[in-house]
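Visitor: What follows is the residue order along each chain.
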Amino acid sequence: MGKSPGIREPYAQLSRWLEQASPDLLNTRRSQAEYFFRRIGITFAVYGEAESTERLIPFDIIPRVLSSSEWQTLERGLVQRVNALNAFLRDVYGKKECLRAGIVPNDLIYRNPYFRPEMDRFEVPHGVYCHIAGIDIVRVDPHTFYVLEDNARTPSGVSYMLENREVMIRLFPELFADNRVAPVENYPDNLLATLRSVAPVRAAADPTVVLLTPGQYNSAFYEHSFLADKLGVELVEGSDLFVRDDVVYMRTTEGPQRIDVIYRRVDDEFLDPLAFRPDSVLGVPGLMGAYQAGNVTLANAVGTGVADDKAVYSYMPEIVKFYTGEEPILKNVPTWRCREKDAFAYVLDHLGELVVKEVNGSGGYGMLVGPHATKDQIETFRRRLKHEPDNYIAQPTLALSTCPTFTKSGVAPRHVDLRPFVLSGSDKVRIVPGGLTRVAMKEGSLVVNSSQGGGTKDTWVLDV
Amino acid sequence: MLSRTADSLFWMSRYIERAENLARILDASTRLSALPASYGGTHNEWTSALLTAGSADAFHRIYKDANEKTVREFLCFSEDNPASIRKCLEIARMNARAVRTAITTEMWDAINGAWLDLKNYDIKKMDREELTRFLDWVKNVSLVVDGSAYRSMLRRDEYWFTRLGLYIERADNILRLLDVKYHVLLPATERVGGTLDYFQWSSLLRSVSALTAYHWVYRESVKPWLVADLLTLNREMPRSLYACYENLVRFLDQLARQYGRIGPSQHAARAMLARLENTNIEAIFQSGLHEFITQSIIDNNNLATTIQEQYLV
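These protein sequences, in sequence, are chains B and Y.
For what it's worth, our numbering labels the leading residue of the first sequence as 302, then goes sequentially.
For what it's worth, our numbering labels the leading residue of the second sequence as 19, then goes sequentially.
No lab work stands behind these hints, which were simulated from the structure alone.
Don't take every hint at face value.
Claimed, not checked - Which chain B residues stay away from chain Y? Per the calculated CB distances, all over 10 Å, these:
| no. | residue |
| --- | --- |
| 1 | R377 |
| 2 | S540 |
| 3 | A674 |
As the list claims (entries may be wrong) - Quick look at which bits of chain Y chain B covers, simulated, 3 or more residues with Cβ under 8 Å:
| no. | stretch |
| --- | --- |
| 4 | 20 to 34 |
| 5 | 39 to 46 |
| 6 | 130 to 136 |
Every residue gets a Cβ at the ideal spot worked out from N, C-alpha and C, and that includes glycine.
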C-alpha cells in the first residue's frame with residue numbers, strides 16, 4: 302500500500318471484504334490453500350536439506366492488487382526493456398556497437414562468465430535471444446516502480462503465477478465475482494505461440510517443441526512438468542535426446558523424432574558436454590553443433606546470461622536509450638558499481654546502509670544487507686569486497702512497498718516484489734497482466750526469495 | 019511418446035500392482051496364522067509369505083526369525099526391503115512424478131495422494147486390526163489408481179503402457195503364488211479334502227479375491243487342480259494367467275495399430291496366449307505343474323524384456 306498512509310484505490314473493494322471476513326474463515330481458507338498445493342504437488346526441492354527435500358512455498362491468500370492504469374505503464378516499460386535487452390544481446394554477439402559507442406565497458410562483456418564466445422557472430426533464429434524474461438520489479442512509492450533485476454537466462458516462477466490464480470478462484474469465487482480481475486490463464490498459449498514463432502525457418506509448418514529439464518531433482522522440476530503439460534509438449538531430459546548429423550532427435554516409442562525448438566531449463570554450461578562442461582550428464586552431446594548449424598532453436602538462446610548480470614544491469618538505462626532512442630519507462634534502482642573507484646569508496650564508507658550484491662549471485666545468496674547485519678558480518682564482507690571489488694554492486698535499502706498479508710497475528714503489511722513474465726517471439730512481445738508476487742513472510746524482512754523462506758501471492762490486475 | 023515416459027508408466031503400474039499383491043499375501047497369511055493348528059494354522063505361513071513375495075533372501079539378510087512381527091514389518095514398511103509396500107508406493111510415485119505430464123490429474127492425485135496418506139500409518143503402533151485396515155487401504159489404492167486410469171486416460175499409448183505394466187506384474191505374481199503353493203497342489207491324484215488343505219487353498223484363492231468366483235465357476239468344494247485351473251487357464255477369471263495374456267495381447271495389438279508396426283513383443287505375447295488356449299489343466303498336471311509355472315515365469319520375464327527392448331529404450 303505504498304509509503305503513503307491509507308489504502309490505495311485498487312484495494313478498496315478487497316479491503317472492505319477483508320474487514321468483514323472473520324479470522325476463522327481466513328484460517329480455513331489458508332489451510333485449504335495449503336491442502337490444494339500439497340495435493341497438486343506444487344513443491345520445490347531445496348538443496349542440502351535432507352529432511353524435507355520437497356517443500357511448499359508459503360502461499361498468502363490475500364492478493365496483491367494493481368489498477369489497470371498502473372499495469373499499462375508497467376507493461377509499456379516491460380516491452381521497452383525487453384526489446385532493449387534483445388537488441389543488446391544481438392549487438393553483443395554481433396556488431397558490438399554498444400561497445401564501440403562506449404555505452405558498456407568492454408571488459409564487462411568479455412570478462413563476463415556468462416559471455417559465450419561460441420555465440421560470437423552466430424545469428425540466432427529470428428534474432429530473438431531472450432524469449433522468456435522475468436523482470437523483477439519493486440515499488441517504492443505510489444508512482445514509482447524500479448526494476449530490481451532482469452532474469453534473462455531461465456527465469457522460473459510462472460507456474461506459481463498460474464497455480465496461485467487457480468487456487469484463489471477455487472477458494473474465493475465471490476471475490477472474483479466482485480472484482481474484475483484480468484485473466485492470466487492464457488500464458489501457456491502465449492508461450493507456445495512464442496516458441497513456435499522462433500522455430501528454424503526450415504522447420505515444417507508444425508514445428509516440434511520440447512521442454513528440456515535437468516530432471517526431477519531440480520528445484521524447479523514441478524514447474525517444468527507443469528509447463529510441458531500445459532503446453533502439450535514433451536518434457537525431455539538430456540538422455541532422451543541425441544544428435545545425428547547436426548540434427549536433434551528424441552527417443553520415442555516409435556523411433557527417433559526430429560526436434561525444432563527446445564525450451565531449455567538447463568543452464569548454458571550443462572547443455573552440451575562437448576561444448577561446455579565435459580562432466581555434465583544433463584545435456585546432449587552435439588547440441589551446440591546442431592544449434593550453430595541452424596537446425597534447432599534454443600530458448601532462451603545460449604549466452605543470454607550477459608544481460609542477466611548485475612553489473613550490466615546498472616547500465617540498463619543507457620542500454621534502453623541507446624537501442625530504443627527513448628527514455629526508460631521503468632527506472633533502475635540507483636546502483637553503485639564497485640568496479641568504479643569513486644563509487645567503491647562511497648560503498649566502503651556506507652556499508653551499514655547499503656545492500657551489496659554479488660554481480661552473478663542469485664537467490665539471495667552472497668549478499669550483505671547492511672542495516673540488518675552485525676558489525677562482524679560487515680567487516681567480513683568488507684574483506685571480501687576489497688579482495689574483488691569488480692564482483693560487487695551496491696544499492697540503497699529501498700523503502701519497499703508492502704501488501705496486506707495474512708500472518709499468524711492477523712492481517713499485517715509485508716514487503717513484496719513482482720516478477721512479470723515477458724515473452725518475445727519473432728512476431729511480437731506477449732505479456733499476461735500480472736506476474737508472480739513474492740512476499741517476505743517475516744516482519745520487516747526484505748528477502749522474498751523462496752529459497753530464503755519467502756512466500757507468494759496472487760497478483761490481480763483489475764480490469765477497470 | 020518418449021521411451022523414458024513409456025518406461026516410467028510401465029513401472030509405475032507394476033509397482034502399484036506389486037503393492038496390492040503384497041497386501042493380499044499378508045492378508046491371507048494373517049488369516050491362516052490365526053487358525054488353530056487343527057484347521058491348518060501353521061507358523062510357517064510367514065515363511066511362505068516371504069517366498070511368495072520373492073523376498074526371502076533379502077529378509078534373511080536382516081532378520082533371523084520369520085514371524086508375524088518381522089514379516090509384517092519387512093513386507094509393509096521396511097526401508098531395507100526394496101520391495102516393501104512402502105517402497106513400491108514410493109517408486110510408483112517417483113515414476114508418476116517423472117511422467118506427470120503423461121498421466122491425468124486423477125491418476126496423479128490417486129498416486130500422490132496415496133504416497134502422502136502412507137505417512138499416517140505407523141507400523142510400530144499397529145495392532146492386527148489396524149494392520150487389516152492398512153492392507154485394505156493398500157488394496158483400495160490400487161483400485162483407485164486402476165479406476166482413475168480406466169476412467170480418465172486417453173486410449174492411446176500412455177494408457178496401453180500403463181496396462182502392460184499391470185498385466186506383466188499380475189501374471190508374474192499369480193505364477194509365483196502358485197509356485198510357492200505347488201507342493202500343496204501337487205498331490206492331485208492322492209486323497210484330498212482334509213481340513214488343512216481346504217483352508218490353505220481357500221486362503222490362496224482369497225489372496226487373489228477368487229474364493230467366491232471359484233464357487234460360481236466350479237460349484238464344487240475347493241479342489242487343488244480346479245484352483246490351478248482357475249488361476250491359470252480360466253477365461254472368465256480376471257486374475258488368471260489367461261486373462262493377463264488376453265489383455266497383454268490386446269494392448270500390445272492396440273499399440274501396434276497406433277504405431278503401424280508389429281514387433282517381437284506382439285509375437286511373444288500371442289505365442290503364450292496360444293499355448294494357454296491349446297492346453298488344459300490335466301495336461302499341465304501330467305507334464306508337471308511346477309515345470310509349467312517355472313517356464314511361464316521365464317516366458318513372462320522374457321516378454322517384459324522384449325517390450326522393454328522394442329519400446330522403452
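Visitor: Would the least Cβ to Cβ distance between B:R377 and chain Y come out above 10 Å?
Guide: Check passes; 35 Å lies beyond 10 Å.
Visitor: Holds or violated: the stretch 39 to 46 of chain Y covered by chain B, criterion of 3 or more residues with Cβ-Cβ distance under 8 Å?
Guide: Our answer is that it is violated, as 0 residues pass the Cβ test (under 8 Å) against chain B, missing three.
Visitor: Is it correct that the beta-carbon of B:A674 has no partner in chain Y closer than or equal to 10 Å?
Guide: holds (40 Å)
Visitor: Taking 8 Å as the Cβ threshold, is the statement that the stretch 130 to 136 of chain Y is covered by chain B upheld or broken by the three-residue rule?
Guide: It holds, with 3 qualifying residues against the three required.
Visitor: Examine the stretch 20 to 34 of chain Y: at least three residues should have C-beta closer than 8 Å to a C-beta of chain B.
Guide: holds (count 5)
Visitor: If we take the beta carbon of B:S540, is the closest beta carbon in chain Y still more than 10 Å away?
Guide: violated (7 Å)
The structure fails to meet hints 2, 5 from the earlier list, while all remaining hints are met.
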